[in-house]
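Here is how the chains run, residue by residue.
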Amino acid sequence: MAVFSGETLLCIRGERTVFADLDFRLESGGALVLVGPNGSGKSSLLRVMAGLLRAADGALSWDGEPVADDPEGHAGRLHYVGHLDAVKPVMSVFENLVFWARLRGGTAGAEDRVAQALATLGIGHLLDVPGRYLSAGQKRRVNLARVLAAPAPLWLLDEPTTALDRDAIQAIEATIAHHRQGGGMVVISTHADMDLPAADVLDLARFTRRPRSVFQGQEDEDMDDEDPDDADMPAREAG
Amino acid sequence: MAGLLLILKRDLSLAMRQGVDSMMVVMFFVLACVLFPFGVGPEPNILARIAAGVIWVAALLASMLSMERLFQTDYEDGSLELLTLSSLPLELVVMAKVAAHWLTTGLPLIIATPLLAILMNLDPQGFWILILALALGTPTLSLVGAVGAALILGSRRGGVLLSLLILPLYIPVLIFGVSAVDAAVGGYPVQAQLLVLGGIFLGALPLCPWAGGAALRQALE
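Sequence lines, in order, name chains A and B. If you're matching positions, the first sequence starts at 1048 in my numbering and goes up one per residue. If you're matching positions, the second sequence starts at 326 in my numbering and goes up one per residue.
Extracted from the complex, chain A is given alone in its bound form:
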């Protein structure tokens, strides 16, 4: 049984603390739903979990092993679905997906896995359509089919329901349920109401610091951060 967890994660974007002291823990079969207002750091947290963004402090671990020790191994066990769908306009849906399926899941049986993934998400008929003719919702489904076409235990889905219709959302709910039954984990950020039984909810608003105001200066922010340099400053001034 695998455990994916993070401790005291701190994320700073452009000198602004997005979230601080964030802990999470996810076990096989579990789901973590990230909620919070726009700008509360849902996407940033998913990117930290994927290893695309380095946390300023804190650590991620997989089965107790620090993820930082083996970033490529970590990348190999996760799928990340971001805001961009990575669909090449000049390649057909099938060619687009077969490339990712081969790269992530090996060449053997890649074509079958892609065909099956497309059928699961109800876009089997788009097989030969070039990427440039797809609608936003269809591109999103293609991107999600990429996740299905190569097995990986951890799915990181950043607003996967954007531009999707009701049927597609239900199809995703079903695939997520199936993935979890097989021992997979899902971290998902969404504004839509999705049916994810027994999912943990992580409200990012709880970890968001009050925005640093220019006029208020540093008062309490620096007190919590315990930056050793700052702590030294008064002493140096006195000396």
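Heads up, a few of these hints could be off.
[What the hints assert, rightly or not] Okay, the calculated beta carbon distance ranges per label pair:
{"no.": "1", "chain 1": "B", "residue 1": "ALA327", "chain 2": "A", "residue 2": "HIS1225", "range": "23 to 31 Å"}
{"no.": "2", "chain 1": "A", "residue 1": "ALA1106", "chain 2": "B", "residue 2": "TRP453", "range": "55 to 63 Å"}
{"no.": "3", "chain 1": "A", "residue 1": "ALA1239", "chain 2": "B", "residue 2": "VAL359", "range": "58 to 66 Å"}
{"no.": "4", "chain 1": "B", "residue 1": "GLY366", "chain 2": "A", "residue 2": "GLY1061", "range": "34 to 42 Å"}
[Stated by the list, open to error] Selected chain B positions facing chain A (Cβ under 8 Å, derived; list incomplete):
{"no.": "5", "residue": "LEU331"}
{"no.": "6", "residue": "ASN446"}
{"no.": "7", "residue": "SER504"}
Quick caveat, the hints were computed from the structure, so don't treat them as lab data. This one's a predicted model, so the numbers in the text were calculated from it and none came from an experiment. Where is the CB? At the ideal position from N, CA and C, for every residue including glycine.
Following the hints, position chain B against chain A.
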């Protein structure tokens, strides 16, 4: 290794379908060289004297022209993030993309060179050395350019910035590439110049993908 070949194949097929890019680079290379006889006059001796330099400089500029797009499209459509997460070391991703870039731009430049050599009245003694020097030098241009292309990701007006970043780094290749041809034309041994070009290439081969990978990680944060 299998992943490297997959990315190479994908980039090649993308380049084939958007064949305009490769064609434009070769057209630019030819046109830039064609301008010189108009500029300096059609005196055969003068053209023969400057032929190697002109062809090399045009090759540098043409190679740089196509460099900006190396990571740009993958960056814009999100593919680059996914390539980073492919469990393939990012250095190998860069290596695969550089190889695809050289095959779709460097190689066509070399193929177009005989035409320009005739046009510029290049001494026949220097012809094969020019081809050899280009074959050793253009992969270095692609490798060094990839570092620049990774560094400018996400910046506006990247093209101009890119030329400021990498043109100075192209100078060693230019110096030894041209001097190899000049030596051959003058009847001197060319081994030293070719060895230096090969040495620069072998040095760039591990260093540039490493630097490019670091720059890509920075760009994606």
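Tested hints:
no. : hint                               : in the structure
1   : B:ALA327 <-> A:HIS1225: 23 to 31 Å : 29 Å, holds
2   : A:ALA1106 <-> B:TRP453: 55 to 63 Å : 58 Å, holds
3   : A:ALA1239 <-> B:VAL359: 58 to 66 Å : 59 Å, holds
4   : B:GLY366 <-> A:GLY1061: 34 to 42 Å : 56 Å, violated
5   : LEU331                             : 5 Å, holds
6   : ASN446                             : 41 Å, violated
7   : SER504                             : 42 Å, violated
The structure shown violates the earlier hints numbered 4, 6, 7.
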